[in-house]
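Listed here are the chains, written in short residue letters.
Protein chains: 4
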Amino acid sequence: SKYEHVRKYELDDELLPGCYIVIRVDGKGFTKFSTLHNFEKPNDINALLLMDEAAKAVLVDYPDIRIAFGQSDEYSFVLHKNTAIYGRRSSKLVSLITSCFTSNYVRFWPQVMGEDRALKCSPTFDGRAVLYPSEELVKDYLSWRQVDTHINNQYNTCFWALVQQGNKTPAQAQEELRGSDAEFKNELLYSQFGINYNTLPEQFKKGSVVVMQRRKVVVKMTESGVPVEREKTEPTVLHCDIIRTEAGAFWAQNPDLLK
Amino acid sequence: SKYEHVRKYELDDELLPGCYIVIRVDGKGFTKFSTLHNFEKPNDINALLLMDEAAKAVLVDYPDIRIAFGQSDEYSFVLHKNTAIYGRRSSKLVSLITSCFTSNYVRFWPQVMGEDRALKCSPTFDGRAVLYPSEELVKDYLSWRQVDTHINNQYNTCFWALVQQGNKTPAQAQEELRGSDAEFKNELLYSQFGINYNTLPEQFKKGSVVVMQRRKVVVKMTESGVPVEREKTEPTVLHCDIIRTEAGAFWAQNPDLLK
Amino acid sequence: SKYEHVRKYELDDELLPGCYIVIRVDGKGFTKFSTLHNFEKPNDINALLLMDEAAKAVLVDYPDIRIAFGQSDEYSFVLHKNTAIYGRRSSKLVSLITSCFTSNYVRFWPQVMGEDRALKCSPTFDGRAVLYPSEELVKDYLSWRQVDTHINNQYNTCFWALVQQGNKTPAQAQEELRGSDAEFKNELLYSQFGINYNTLPEQFKKGSVVVMQRRKVVVKMTESGVPVEREKTEPTVLHCDIIRTEAGAFWAQNPDLLK
Amino acid sequence: SKYEHVRKYELDDELLPGCYIVIRVDGKGFTKFSTLHNFEKPNDINALLLMDEAAKAVLVDYPDIRIAFGQSDEYSFVLHKNTAIYGRRSSKLVSLITSCFTSNYVRFWPQVMGEDRALKCSPTFDGRAVLYPSEELVKDYLSWRQVDTHINNQYNTCFWALVQQGNKTPAQAQEELRGSDAEFKNELLYSQFGINYNTLPEQFKKGSVVVMQRRKVVVKMTESGVPVEREKTEPTVLHCDIIRTEAGAFWAQNPDLLK
Ligand SMILES: Nc1nc2c(ncn2[C@H]2C[C@H](O)[C@@H](COP(=O)(O)OP(=O)(O)OP(=O)(O)O)O2)c(=O)[nH]1
Ligand SMILES: Nc1nc2c(ncn2[C@H]2C[C@H](O)[C@@H](COP(=O)(O)OP(=O)(O)OP(=O)(O)O)O2)c(=O)[nH]1
Ligand SMILES: Nc1nc2c(ncn2[C@H]2C[C@H](O)[C@@H](COP(=O)(O)OP(=O)(O)OP(=O)(O)O)O2)c(=O)[nH]1
Ligand SMILES: Nc1nc2c(ncn2[C@H]2C[C@H](O)[C@@H](COP(=O)(O)OP(=O)(O)OP(=O)(O)O)O2)c(=O)[nH]1
Ligand SMILES: O=P(O)(O)OP(=O)(O)OP(=O)(O)O
Ligand SMILES: O=P(O)(O)OP(=O)(O)OP(=O)(O)O
Ligand SMILES: O=P(O)(O)OP(=O)(O)OP(=O)(O)O
Ligand SMILES: O=P(O)(O)OP(=O)(O)OP(=O)(O)O
Ligand SMILES: [Mg+2]
Ligand SMILES: [Mg+2]
Ligand SMILES: [Mg+2]
Ligand SMILES: [Mg+2]
Ligand SMILES: [Mg+2]
Ligand SMILES: [Mg+2]
Ligand SMILES: [Mg+2]
Ligand SMILES: [Mg+2]
Ligand SMILES: [Mg+2]
Ligand SMILES: [Mg+2]
Ligand SMILES: [Mg+2]
Ligand SMILES: [Mg+2]
Chain A
1 SKYEHVRKYE
11 LDDELLPGCY
21 IVIRVDGKGF
31 TKFSTLHNFE
41 KPNDINALLL
51 MDEAAKAVLV
61 DYPDIRIAFG
71 QSDEYSFVLH
81 KNTAIYGRRS
91 SKLVSLITSC
101 FTSNYVRFWP
111 QVMGEDRALK
121 CSPTFDGRAV
131 LYPSEELVKD
141 YLSWRQVDTH
151 INNQYNTCFW
161 ALVQQGNKTP
171 AQAQEELRGS
181 DAEFKNELLY
191 SQFGINYNTL
201 PEQFKKGSVV
211 VMQRRKVVVK
221 MTESGVPVER
231 EKTEPTVLHC
241 DIIRTEAGAF
251 WAQNPDLLK
Chain B
1001 SKYEHVRKYE
1011 LDDELLPGCY
1021 IVIRVDGKGF
1031 TKFSTLHNFE
1041 KPNDINALLL
1051 MDEAAKAVLV
1061 DYPDIRIAFG
1071 QSDEYSFVLH
1081 KNTAIYGRRS
1091 SKLVSLITSC
1101 FTSNYVRFWP
1111 QVMGEDRALK
1121 CSPTFDGRAV
1131 LYPSEELVKD
1141 YLSWRQVDTH
1151 INNQYNTCFW
1161 ALVQQGNKTP
1171 AQAQEELRGS
1181 DAEFKNELLY
1191 SQFGINYNTL
1201 PEQFKKGSVV
1211 VMQRRKVVVK
1221 MTESGVPVER
1231 EKTEPTVLHC
1241 DIIRTEAGAF
1251 WAQNPDLLK
Chain C
2001 SKYEHVRKYE
2011 LDDELLPGCY
2021 IVIRVDGKGF
2031 TKFSTLHNFE
2041 KPNDINALLL
2051 MDEAAKAVLV
2061 DYPDIRIAFG
2071 QSDEYSFVLH
2081 KNTAIYGRRS
2091 SKLVSLITSC
2101 FTSNYVRFWP
2111 QVMGEDRALK
2121 CSPTFDGRAV
2131 LYPSEELVKD
2141 YLSWRQVDTH
2151 INNQYNTCFW
2161 ALVQQGNKTP
2171 AQAQEELRGS
2181 DAEFKNELLY
2191 SQFGINYNTL
2201 PEQFKKGSVV
2211 VMQRRKVVVK
2221 MTESGVPVER
2231 EKTEPTVLHC
2241 DIIRTEAGAF
2251 WAQNPDLLK
Chain D
3001 SKYEHVRKYE
3011 LDDELLPGCY
3021 IVIRVDGKGF
3031 TKFSTLHNFE
3041 KPNDINALLL
3051 MDEAAKAVLV
3061 DYPDIRIAFG
3071 QSDEYSFVLH
3081 KNTAIYGRRS
3091 SKLVSLITSC
3101 FTSNYVRFWP
3111 QVMGEDRALK
3121 CSPTFDGRAV
3131 LYPSEELVKD
3141 YLSWRQVDTH
3151 INNQYNTCFW
3161 ALVQQGNKTP
3171 AQAQEELRGS
3181 DAEFKNELLY
3191 SQFGINYNTL
3201 PEQFKKGSVV
3211 VMQRRKVVVK
3221 MTESGVPVER
3231 EKTEPTVLHC
3241 DIIRTEAGAF
3251 WAQNPDLLK
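Chains as they are written, first to last, in the numbering used here: chain A, 1 to 259; chain B, 1001 to 1259; chain C, 2001 to 2259; chain D, 3001 to 3259.
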């Protein structure tokens, strides 16, 4: 049509080749959303599992994602540095992955959160792309997120213990924790509430690592009820340390994950 | 943490001030998705209504959107040229609007499509931002999409008439229509299938225009059953021409919409 | 060659269509450069004329430049909003115009500054591109630069009068002028130094406006010594107001300059 | 002033951290420029030396440049991946380096090209920034340019031998060389013109590599005429291979140049 000229305003936004592409999504206003939907404090297992389900669906759709990491209301997806998907167009990648995550989050909500906890509004996520020129930097990025998980979880565990068990007001709890270090918080949890921080679920302390793994999966049952297994590559959620790099640690065991 | 240095890889992506921002979302692989979910051909009224519902929810959340236009599996949202929302950050805007649209599409699916037509996969949308420096160009953009609506609808109406009523194979139908003009298609519909194209629903021929309008809304009933009305600004869906600019036409009636 | 793959790292940097492109160049470290080359204070007529010469050469090479404005060590070039030059590639435009300006500045230096004032180092300029979506904004941009010219010139005139004629130290002069308004400065110039600011050369107060103008130019002499004139479009330097828009003012007299 | 609002149209253009920044400048229309100024064919030693002088001046001004490579009318400057110069702003870097190169090219012209070969027009250069995420890619980039040097030089040497000594027209020479490989060209030079390509100056075959090197420099003479030397870090031009990486080769001898 005679209006086609408007197409030339659509500019190229290709991301620099040779760099890892990290797409991070983060829930918009989840402070309010989690209250509205009665998320358990500080960690709602189901809410976290729902995040993991949505992330797994993203990995299935985008095989160039080598690893993902999630915590709280956010998930980061790391695409291989040489991916050519959608011509590495920034908006395409950011929008599609954010949309895919959102779609699965909403679709799986009833199953994971329970039919009795209906959605009262539409959860939305923001998304962004960040480029990292080296494997080292990607590992630093993931470490950054996992350290953040730990710091926030420790803080929140103390905060809600003080509020829910210690009968403090939120303001008092905040005041008591202001500026305190990790040791102080561990001590507080143990002495006041008998909580040994180290024995809390790894899921809360470490967040979720998702990688594609070759695994035996039961694909059907024979007539006589024997499970038939087959090897399949599937997204797998781990709650392990991804900061350490020494022998035996995650990166030592997965040396080619980012190669 | 010692990993904070990775933050500086996140670069600014502010969109040029003073330009209208158009965010267009488009269903990923909806050729397949519409078949999988038995969309009526060429137009599934409920599928189109679901698109409109999702769009209306976007307008409610983002008041700087002055007008939106939808057709088929796509929707365009026009933000005012001086919007300062999220610092005009491109990824923020693209991802949030795409996510909001997706979330509402999935959430309202059962209501609008019917409980018996369950989602078999997670619908996803891509999104992009395009800048237009003038009101004139925004109108050209919207005209471009509406002309496209008309062309596609006319073609699809003929195509599916030939296939469903004319017993042609898809290949034959395609062949018959190749290179034909508007007049030929209207004639074909009328002479072969008794369809007067002009009398088809405006919704199919014109697509959906969404604007915020001040309207009387019933907010509650009095005890004696009398409806209580209040003026509210609400997203309203129109199926009108947005190409013409003469007196009486949409733009003449809404002179300040983009001001 | 087998190394061609490195080409794909060169990304597109097309500037948004439909916007005026302003390229501004500014001398790098001209505080030092002007001292090193004994520029007259506060305004060195020859140095300013050299800037104008360089700018004129840029306009001759790039016909899509509609207007340029210069002052101090800077020059701004306004390209028409629909220019398609070099595919509107940002780096191409910024680098070529900055290079062209620099090249002419150095080449014309001896002629304009005098053979006795040799270049002691290589003057360099930075450059940048700024987009403006409307004619109105371009005028505001030019007004911004011209107001700046006025403010700086008034300040510098006072400052150097105090230092050179008033026997103040630079620090004392600065102190005396801190926070003072235009009126105070005019009064100071008049009462202490007998300078009527309004009668200073327009070149200093208004900066230089360059436009292409159709003018009679002497192209040769006949054998009998009669000058032969021809109409030519040539870059012309004006020292006029470009802020006012009323009847008779520059913009009223040149209504189509930016059209 | 009330026009300051136009400043916000100036957007951030920071280049991704952690990547090597290559700035390449290239003469605009040097086919014509070299003819106009009677450059020797195919290589004008003085013209090449002038390029080297300009490049050396750039390295002196921008210490974060680790290596530069020049050939024909182009020069590439490689900035260290962690340079923070000018906040890594793309336009700043591209314009300043292009301007600095241009300025020195024009300023040194008379000295290097000879007073009798005056500049007839103002040479200008375009500039661009390209990012490379790894050392390996930077080496590939430099190899790409050096292979290009070789290919062009071999072609041009044949072409001008055929035209200047072989009495061919340019069209005939072009025809004779079309599609021929390196061996054919070497053979042609040797058999028809007695030229052994391998013995041509390295400067022509390899281009110019510029690095900062610690060297003994004569800084003055004592009264009795004894030269006084001092160690200085100075830009040094080499005409060596930068493609090979084995022991003894350039990269093996300069392992930390890009570290
Ligand atoms: N109670 C509870 N809250 C959670 C859980 N996961 C996340 N949240 C809440 C805690 C935080 O207030 C919020 C995540 O922090 P953000 O920094 O992303 O803030 P928010 O999403 O409110 O704002 P934003 O739109 O991202 O700027 O979500 C959970 O499992 N349980
Ligand atoms: N039957 C039916 N199909 C529809 C309806 N609305 C949209 N579609 C289908 C027709 C087209 O095949 C498709 C939209 O065209 P697109 O160009 O967006 O293609 P598609 O989404 O397959 O690929 P994409 O991922 O956008 O490149 O969706 C509808 O109401 N009924
Ligand atoms: N004496 C004298 N100085 C001048 C003249 N024109 C410009 N200048 C000087 C005054 C200022 O110190 C300087 C221009 O100010 P800028 O803000 O551009 O600073 P400068 O170039 O030093 O630093 P920059 O590299 O641009 O950040 O040039 C002139 O005609 N006479
Ligand atoms: N005779 C002669 N010509 C040279 C010498 N160095 C460069 N040139 C010429 C040969 C080429 O025609 C031209 C460089 O090729 P380019 O691809 O850069 O083309 P040109 O500068 O004409 O166009 P451009 O503006 O860069 O697209 O400069 C030299 O030493 N001697
Ligand atoms: O969202 P915050 O406050 O945790 O921090 P951020 O994600 O870096 O900020 P933004 O979402 O505005 O980019
Ligand atoms: O998706 P298409 O094929 O209708 O055309 P497009 O949207 O311009 O292409 P893309 O989605 O790749 O930007
Ligand atoms: O150069 P300044 O300080 O006058 O101000 P600016 O030009 O806006 O700053 P920069 O040159 O760093 O863009
Ligand atoms: O200038 P060319 O033709 O050698 O090739 P290029 O430099 O890649 O092209 P452009 O200067 O247009 O970027
Ligand atoms: Mg955030
Ligand atoms: Mg959040
Ligand atoms: Mg968060
Ligand atoms: Mg598309
Ligand atoms: Mg689609
Ligand atoms: Mg579509
Ligand atoms: Mg500056
Ligand atoms: Mg300056
Ligand atoms: Mg200045
Ligand atoms: Mg080129
Ligand atoms: Mg060239
Ligand atoms: Mg060249």
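Take the hints with a grain of salt, since some may be wrong.
[As the list claims (entries may be wrong)] With a cut-off of at most 27 Å between alpha-carbon atoms, the simulated DSS-like pairs for lysine-lysine come out as follows: (1) K8/A - K56/A; (2) K1056/B - K120/A; (3) K3168/D - K2002/C; (4) K1232/B - K32/A; (5) K1220/B - K1232/B; (6) K3028/D - K3120/D; (7) K3120/D - K2002/C; (8) K3041/D - K2206/C; (9) K8/A - K2008/C; (10) K1259/B - K259/A; (11) K56/A - K1028/B; (12) K2/A - K1206/B; (13) K3092/D - K2008/C; (14) K3041/D - K3220/D; (15) K120/A - K41/A; (16) K1216/B - K1185/B; (17) K2206/C - K2028/C; (18) K8/A - K2259/C; (19) K205/A - K56/A; (20) K8/A - K1092/B; (21) K2120/C - K3092/D.
[Stated by the list, open to error] If you want a taste of the chain B side facing chain A, the calculated C-beta under 8 Å gives, among others: (22) Y1003; (23) L1049; (24) V1060; (25) S1095; (26) L1096.
No lab work stands behind these hints: they were computed from the structure.
Beta carbons are placed, not taken as given, at the ideal position from N, Cα and C, and that holds for glycine.
To see whether the hints hold, each was checked on the structure:
1. Annotation: proposed proximity of K8/A to K56/A is violated, straight-line Cα distance about 37 Å (limit 27 Å).
2. Annotation: proposed proximity of K1056/B to K120/A holds, straight-line Cα distance about 17 Å (limit 27 Å).
3. Proposed proximity of K3168/D and K2002/C is contradicted: the alpha carbons are some 33 Å apart, above 27 Å.
4. With a C-alpha separation of about 25 Å, the suggested pairing of K1232/B with K32/A holds against the 27 Å cut-off.
5. For the given pair, K1220/B sits about 13 Å from K1232/B by alpha-carbon distance, which is consistent with the 27 Å threshold.
6. Among the hinted pairs, K3028/D with K3120/D is consistent with the structure: their alpha-carbon atoms are about 15 Å apart, no more than 27 Å.
7. Pair hint K3120/D plus K2002/C does not hold up; C-alpha atoms about 39 Å apart against a cutoff of 27 Å.
8. At most 27 Å may separate the alpha-carbon atoms for a hinted pair to count; K3041/D and K2206/C exceed this at roughly 49 Å.
9. The hinted pair formed by K8/A and K2008/C meets the criterion: a straight-line CA distance of about 22 Å does not exceed 27 Å.
10. For the proposed pair K1259/B and K259/A, the alpha carbon gap of about 52 Å is over 27 Å, so the pair is violated.
11. With a CA separation close to 18 Å, the supplied pair K56/A and K1028/B stays within the 27 Å bound.
12. In summary, the hint linking K2/A to K1206/B is supported, as the alpha carbons are separated by about 17 Å, within the 27 Å threshold.
13. A hinted pair counts as satisfied when its Cα atoms are at most 27 Å apart, and K3092/D with K2008/C qualifies at roughly 23 Å.
14. Under the criterion of a C-alpha separation no larger than 27 Å, the hint pairing K3041/D with K3220/D is inconsistent with the structure, at around 39 Å.
15. Among the hinted pairs, K120/A with K41/A is consistent with the structure: their alpha-carbon atoms are about 19 Å apart, no more than 27 Å.
16. Between K1216/B and K1185/B the alpha-carbon distance is near 42 Å, which puts this suggested pair outside the 27 Å criterion.
17. Restraint check for K2206/C and K2028/C: the C-alpha separation of about 22 Å stays at or below 27 Å, so the hint holds.
18. Of the supplied pair hints, the one linking K8/A and K2259/C holds, its CA atoms being roughly 20 Å apart against a limit of 27 Å.
19. As the CA atoms of K205/A and K56/A are separated by approximately 20 Å, the hinted pair is consistent with the 27 Å bound.
20. For the hint linking K8/A to K1092/B, the alpha-carbon distance of about 23 Å falls within 27 Å, and the restraint holds.
21. Pair hint K2120/C plus K3092/D holds up; C-alpha atoms about 23 Å apart against a cutoff of 27 Å.
22. Because the closest C-beta pair between Y1003/B and chain A is about 4 Å apart, less than 8 Å, the hint holds.
23. Using the Cβ-Cβ criterion of 8 Å, the hint placing L1049/B at the interface with chain A is not satisfied: the shortest such distance is roughly 17 Å.
24. For V1060/B, the suggested interface contact is broken, since its CB lies about 10 Å from the closest CB of chain A, more than 8 Å.
25. Of the supplied interface hints, the one on S1095/B holds, with its beta-carbon coming within about 3 Å of a beta-carbon of chain A, less than 8 Å.
26. Among the interface hints, the one on L1096/B holds; its C-beta lies about 5 Å from the nearest C-beta in chain A, closer than the 8 Å criterion.
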